[in-house]
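Protein chains in written order, with our numbering: chain A, 1 to 114; chain B, 1001 to 1114.
Worth flagging that the hints you see were computed from the coordinates, not collected in a lab.
Source: prediction; values computed, not measured.
A virtual CB, placed ideally from N, CA and C, is assigned to each residue, including glycine.
Treat each hint with caution, since some may be false.
Residues of chain A placed beyond 12 Å of chain B at every Cβ, according to the derived structure [said to hold, decoys possible]:
(1) T7
(2) T15
(3) R22
(4) S27
(5) Q37
(6) Q41
(7) R63
(8) F69
(9) A92
(10) S94
(11) L97
Some chain B residues well away from chain A (every beta-carbon gap over 12 Å; in silico) [as the list claims (entries may be wrong)]:
(12) R1028
(13) E1044
(14) R1050
(15) S1071
(16) A1081
Straight line, CA to CA, 25 Å or less: simulated SDA-like cross-link-like pairs of lysine to any residue [said to hold, decoys possible]:
(17) B:K1109 to A:S27
(18) B:K1106 to B:S1087
(19) A:K96 to B:D1029
(20) B:K1038 to A:G52
(21) A:K96 to B:F1054
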Amino acid sequence: DSGVTQTPKHLITATGQRVTLRCSPRSGDLSVYWYQQSLDQGLQFLIQYYNGEERAKGNILERFSAQQFPDLHSELNLSSLELGDSALYFCASSPKLGVSDTQYFGPGTRLTVL
Amino acid sequence: AQKVTQAQTEISVVEKEDVTLDCVYETRDTTYYLFWYKQPPSGELVFLIRRNSFDEQNEISGRYSWNFQKSTSSFNFTITASQVVDSAVYFCALSEAGSYQLTFGKGTKLSVIP
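Next comes chain A alone, as it looks inside the complex (with noise of 0.2 Å):
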């Protein structure tokens, strides 16, 4: 067990839909991250909070965003689903701001978009 908490652990909707994901990090954690995994795209990078402030993005949607409230915890909210955008999204928390900081990984969130 990381520490790392997500919910839910799964997610079945349809397309058009949106749904928030939620995660909370390890104690004492700052920095948050969201990665989604896919079958053809693999493990890929969204974006990156830390203490309340976006840090980092990647490849993420602009029908995606994200916020980190004051206790830490992060919400991922995806709208107007596509089925494409059924995957795996993970949340991971480290430590502080730095690239050396390792990052622990939660459970998952598994979306269907059907």
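Given chain A, put chain B in place with the hints provided.
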């Protein structure tokens, strides 16, 4: 741009055999970090090791060992006396100085047959 290549898509070994998973990386930075993660069938990503670019000393942890060679830009992972519980997808990842994201390889699926 950073890149990680895991040329072996799938490997099958018989229990108790040794197996080496290959990882080749590309980066222009002199400071970078390399990681291995394990993804068992249950789906979570489990951190195994972190190595920085200035430390080429090989590491051993139980049945696991890692061989880092800057000259060939490789960071290979060996499992000695493999066990069925080692069956998983193994990912090699890279982070560069100035970039907080992890760049993952496509992963190697290891099947250990009893």
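Status of the hints after comparison with the structure:
The claim that T7 of chain A lies off the interface holds: its Cβ sits roughly 14 Å from the closest Cβ of chain B, which is beyond the 12 Å cut-off. The claim that T15 of chain A is not at the interface with chain B holds, since no C-beta of that chain comes within 12 Å of its own (minimum 24 Å). Residue-level check passed: R22 of chain A sits 16 Å from the nearest beta carbon of chain B, beyond 12 Å. The beta carbon of S27 of chain A sits about 17 Å from the closest Cβ of chain B, which is more than 12 Å, so the claim that it is off the interface holds.
Not every CB of chain B is more than 12 Å from the CB of Q37 of chain A (nearest about 9 Å), against its label as outside the interface. The beta carbon of Q41 of chain A is not kept farther than 12 Å from every beta carbon of chain B, the shortest such distance being approximately 10 Å. For R63 of chain A, the requirement that its beta carbon stay farther than 12 Å from each beta carbon of chain B is met, with the minimum near 20 Å. Residue placement check: F69 of chain A keeps its beta carbon more than 12 Å from all beta carbons of chain B (closest about 20 Å).
Chain B draws A92 of chain A into its interface by the beta-carbon criterion, the shortest separation being 8 Å against a cut-off of 12 Å. Look at S94 of chain A: its CB is around 8 Å from the nearest CB on chain B, not clear of 12 Å, so calling it non-interface is violated. With a minimum CB-CB distance of about 7 Å to chain B, L97 of chain A fails to clear the 12 Å threshold, and the non-interface call is violated. Consistency note on R1028 of chain B: stated as away from chain A, and its beta-carbon is indeed over 12 Å from all of that chain's, at 14 Å minimum.
For E1044 of chain B, the condition that its CB be more than 12 Å from all CB atoms of chain A is violated, with the nearest at approximately 5 Å. In this structure R1050 of chain B is not separated from chain A by more than 12 Å, as the shortest Cβ-Cβ distance comes to only about 5 Å. Every beta carbon of chain A lies more than 12 Å from that of S1071 of chain B, the smallest distance being close to 22 Å; the non-interface claim holds. The beta carbon of A1081 of chain B is kept farther than 12 Å from every beta carbon of chain A, the shortest such distance being approximately 26 Å.
At roughly 32 Å between alpha-carbon atoms, K1109 of chain B and S27 of chain A are farther apart than 25 Å, so this suggested pair is violated. Our distance criterion of 25 Å between C-alpha atoms is met by K1106 of chain B and S1087 of chain B, whose separation comes to about 16 Å. At most 25 Å may separate the alpha-carbon atoms for a hinted pair to count; K96 of chain A and D1029 of chain B meet this at roughly 21 Å. At roughly 29 Å between alpha-carbon atoms, K1038 of chain B and G52 of chain A are farther apart than 25 Å, so this suggested pair is violated.
Only pairs whose Cα atoms come within 25 Å are accepted, and K96 of chain A paired with F1054 of chain B is accepted, the gap being roughly 21 Å.
This entry does not satisfy hints 5, 6, 9, 10, 11, 13, 14, 17 and 20, going by the numbered hints stated previously.
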